[in-house]
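S.K.: As a plain string of letters, each chain reads:
2 protein chains.
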Amino acid sequence: MTDKPIEPWKTLSTRYSYQDQWLGLRSDVVVLPNGKVLDPYHTIDAPDWVNVIAITEADEIVLVEQYRHAAQRVLVELPAGNVDPGEAPEAAARRELLEETGYAEGTWHALGSLFPIAARFTNEVHAYLALDVRKIAAPAPDGSENLRLHEVPWTRLAADLHAGHRPILEAAQMSSLFLLSLFAQSSADPRISRLRL
Amino acid sequence: MTDKPIEPWKTLSTRYSYQDQWLGLRSDVVVLPNGKVLDPYHTIDAPDWVNVIAITEADEIVLVEQYRHAAQRVLVELPAGNVDPGEAPEAAARRELLEETGYAEGTWHALGSLFPIAARFTNEVHAYLALDVRKIAAPAPDGSENLRLHEVPWTRLAADLHAGHRPILEAAQMSSLFLLSLFAQSSADPRISRLRL
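Respectively, the protein sequence lines represent chains Z and L. 0 is the number of the first residue of the first sequence in numbering that gives the first Met the number 0; add one for each residue after it. 0 is the number of the first residue of the second sequence in numbering that gives the first Met the number 0; add one for each residue after it.
Pairs involving identical chains hold if they fit within one copy or between any two copies, as the list cannot separate such chains.
Each computed EDC-like pair below joins lysine to aspartate or glutamate, with the alpha-carbon atoms no more than 16 Å apart:
no.	residue 1	residue 2
1	3	64
2	35	141
3	3	144
4	35	6
5	134	56
The set of hints was computed from the structure by calculation and includes no laboratory data.
Assemble the whole structure, with the sequences as input and the hints as a guide.
M.R.: Now the structure itself:
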């Protein structure tokens, strides 16, 4: 505890305990403002992520079901993925939506960016609302993705959440739905304001 | 894309690319249902985490400000931390709240558990509401924590969020506030239902 301004840590050295094309485990030696040295303090480098809340003209949310090896569960999720090097986050969001679901077009709104896990991950997760998307292609997920598409009435998702069910079980994706709910409350557009959760 | 039920991946072998007391980087060789082999597929072992939304009898939310080395930012956060081995999540939540802020007691409600990042982390994050907490001690954070305590009127936090500000910038913590908002909407207790966001 302190009443003084919080100061950043100083990094004495940086090394990668592990690094490949998917993930970097960075292990720094750091000095805290109180003089204590932490060796190592781990952070994880990963590309930025995007989550897409895509709503069809028929008021359905577009979801994908897939096996998640870390969680050891088949999960229903928002279309999501990595931002490629040099790619703008919204472009990544549009690409992932099209690849995973075949949906595109519509009106896009940036809902905000958050640190997924501020103590560990160095990246950010960007959330988008894509309103009135249309199916323009067959899904073309990459070879590691075995996806099942679900178009769920928005009112059913909202009712499930309000009944204490958790159709979506990932914290980062739930935070995107929360950003949508806050955005909806500040919108004068009835197509958006009805998306409050 | 598939219309068949989604099947889990098969794990052919598991090794740890890196492991210490804080973090394990597990690198599996897996076979997908389509026969494709992924080598490696990384997952990260970490202890479960807890987030605490603690509200005082004066209707203030108890927040902690600290430097987060991964985000490279001083952030305002919910009291939070690791679940120790053998510890129940609610006990961890009560311990972290007391250690980081000196607040305790009150009425506790479990808001639910989520996978922080379902594609990468194997752990879960558990969210709690602690209503009518009282300050019973001086904060006693561990040596790596340089914390500044903030007691913020709940109405100010809610107004900030509705105005598009982000007093809390972590996705996992925002998901806990979303779980609180959903819980509040299903509660007949006016002390809880007014916490809808």
